[in-house]
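Please build the complex by placing chain B on the supplied structure of chain A, with the hints as guidance.
Read off the chains here:
2 protein chains.
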Amino acid sequence: MKAVVVKKPGGPEQLQFQDFSKPKVENGEILIKVKASAINRTDIVSREGKSGYMANPILGIEVSGEVVEKGAGANIELGTRVMGLVNGGGYAEYAVMPADRAMKIPDNLSFEEAAAIPEVFLTAYQTLFWLGGLTDADTVLIHAGGSGVGTAAIQLAKKLTKATIITTAGSKEKLDFCRSLGADICINYKEQAFDEEVLRATNNLGADVILDFIGASYWEKNLKGINTDGRWVLIGILGGTVVEKVNLMELLLKRVQIKGTLLTPRSDAYKKELTEEFVSSVMPLFLENEIRPIVDRVFPFADIQRAHEHMEANKNVGKIMLKINE
Amino acid sequence: MKAVVVKKPGGPEQLQFQDFSKPKVENGEILIKVKASAINRTDIVSREGKSGYMANPILGIEVSGEVVEKGAGANIELGTRVMGLVNGGGYAEYAVMPADRAMKIPDNLSFEEAAAIPEVFLTAYQTLFWLGGLTDADTVLIHAGGSGVGTAAIQLAKKLTKATIITTAGSKEKLDFCRSLGADICINYKEQAFDEEVLRATNNLGADVILDFIGASYWEKNLKGINTDGRWVLIGILGGTVVEKVNLMELLLKRVQIKGTLLTPRSDAYKKELTEEFVSSVMPLFLENEIRPIVDRVFPFADIQRAHEHMEANKNVGKIMLKINE
Chain A
1 MKAVVVKKPG GPEQLQFQDF SKPKVENGEI LIKVKASAIN RTDIVSREGK
51 SGYMANPILG IEVSGEVVEK GAGANIELGT RVMGLVNGGG YAEYAVMPAD
101 RAMKIPDNLS FEEAAAIPEV FLTAYQTLFW LGGLTDADTV LIHAGGSGVG
151 TAAIQLAKKL TKATIITTAG SKEKLDFCRS LGADICINYK EQAFDEEVLR
201 ATNNLGADVI LDFIGASYWE KNLKGINTDG RWVLIGILGG TVVEKVNLME
251 LLLKRVQIKG TLLTPRSDAY KKELTEEFVS SVMPLFLENE IRPIVDRVFP
301 FADIQRAHEH MEANKNVGKI MLKINE
Chain B
1 MKAVVVKKPG GPEQLQFQDF SKPKVENGEI LIKVKASAIN RTDIVSREGK
51 SGYMANPILG IEVSGEVVEK GAGANIELGT RVMGLVNGGG YAEYAVMPAD
101 RAMKIPDNLS FEEAAAIPEV FLTAYQTLFW LGGLTDADTV LIHAGGSGVG
151 TAAIQLAKKL TKATIITTAG SKEKLDFCRS LGADICINYK EQAFDEEVLR
201 ATNNLGADVI LDFIGASYWE KNLKGINTDG RWVLIGILGG TVVEKVNLME
251 LLLKRVQIKG TLLTPRSDAY KKELTEEFVS SVMPLFLENE IRPIVDRVFP
301 FADIQRAHEH MEANKNVGKI MLKINE
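Those sequence lines, one after another, are chains A and B. Following our numbering, the residues of the first sequence are numbered contiguously, the last one being 326. Following our numbering, the residues of the second sequence are numbered contiguously, the last one being 326.
In case anyone wonders, no lab produced these hints; they're calculated from the structure. Warning: the hint list may mix true and false statements.
Any copy will do: because identical chains look the same in the list, a pair fits if it lies in one copy or spans two.
[What the hints assert, rightly or not] Calculated pairs, BS3-like style, for lysine-lysine (alpha carbon to alpha carbon, straight line, at most 27 Å):
#  : residue 1 : residue 2
1  : K272      : K254
2  : K224      : K50
3  : K190      : K315
4  : K8        : K254
5  : K245      : K22
6  : K254      : K50
7  : K221      : K245
8  : K315      : K254
9  : K22       : K172
10 : K245      : K224
Looking at chain A on its own, in the form it has when it is part of the complex:
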């Protein structure tokens, strides 16, 4: 089968196709004939050789497709349309996945739509609810509102809570889209100081939950814009890694909770538990078209390099997909 590996750490030009034999199915696993996969930031970090936690030489952490083989104890029918997280190996014609985290694809969704769900919706669910503890009375600040996780988080916050949703993005087009998904207050970070806007919108209290993909460059403004007892979930560092001069007194006085998280390196047990809760809490909303996967663009598998370039240009609204085994 064809699959994508990294020649040597570097840019999109380092991505190349290589022939592999089909992965072997172990107990409790299924083999999926992959129909679609998606590009994630973590794939770029892996491509650059910086993640340090990817054991699989094949990139890609989520797929949709059809079950074509199953190991002992895998409780699922052959031929079932499924989607879910893989431990690497997603940019490939076939991929294995523990059966207990495969999600059945609702009939109203295509394979390309389905593969746009697992990583960003599970991440958004985990950060908003498991780590952020978002409640109806809260205000949530979702940075990078146009991103995959951003568009997922806005919808989840809107449909599962009565929280006030504030989002930031860098263009009117992205902000308009965020508003259409349910964001209450939309801030163009290039034109407005988001901390001031957040304070204005919250009677000077600040946001109770922050989803922060940005890191260092937003540190001061996040700290100013967070409420007492706020939960600040750090899930990316697009804006730099190192913060100069962190004042711990401010964390103490505001009783801020900063929670670093990544989904990909977590254990199989964690992913199973998260997937199960997500299936029962959220999947019905996809069937009812209350929540939808946001697909920015679908690339043919052969265009993997262009797909990576597209993400790094930061122009996407929602997910960048790969069509495989057409």
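Just chain B now, with coordinates in the frame of chain A:
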């Protein structure tokens, strides 16, 4: 009545006695004839004019004594021996307290012992369990093991969990005492690199929960010594406020949770809930002498300045008490 206020922000010499009329009891409150109070770090911060959250001009945040008046709805008998947190006003001959957070003093404890309980044991309970989520399988690193909160946390971790307890302190005398309270591994931070000792004791994994009173000067070592998914509860900044460089990638990869907290400025509702859980989970252990308040020294009320100096010299093991209304 006599009570202690701050002349102007500064050292212990700024503490002075002033005459006040007895506080008035509102609905749901009790008036306590104070028998003992205790010195806390937060009193020093308030004395220096740095806390910014003390509305009461009289210092002191915990007392023990007898109920001498009660407001409507206060469900407690006059004459009851009680202890608990006050919203300032603890360094005084009389103090008011919401009745719903007054704890009855076990018969086996004196007033001086009782007033050594509320602040440090409630703080230790809150940080270990509510914020730290300490479980039997965890390793907890308790800094400043000889301090009031440190001695309380070691005992609580020992009696309520099977967690491995590591503690740091600056003298053999303090470390021996920590060991007698239940600490499994005792590190002299003046002679040993505590991060290396923690890694050695945990098979290179690190501590799952850290109680950090120190802040900036311990930042790097705490980060090195914390386990993946570790909870790092920041409850003091004795070692400085500003961390020069914080690497967010390390927080992300280890999925560290940093939780700043203070007990004193929290709401009455929070203090009530915490007190109630503490009374049901921990108070029986005091009656059975399984856990005990650690009193370093009792000062006469008139010696308030010396009592503050004693805390600032960092020589105490356990709590520094004030005897009032002898």
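* Please write out, lowest number first, the hints stated earlier that are contradicted by the structure. => 5, 8, 9
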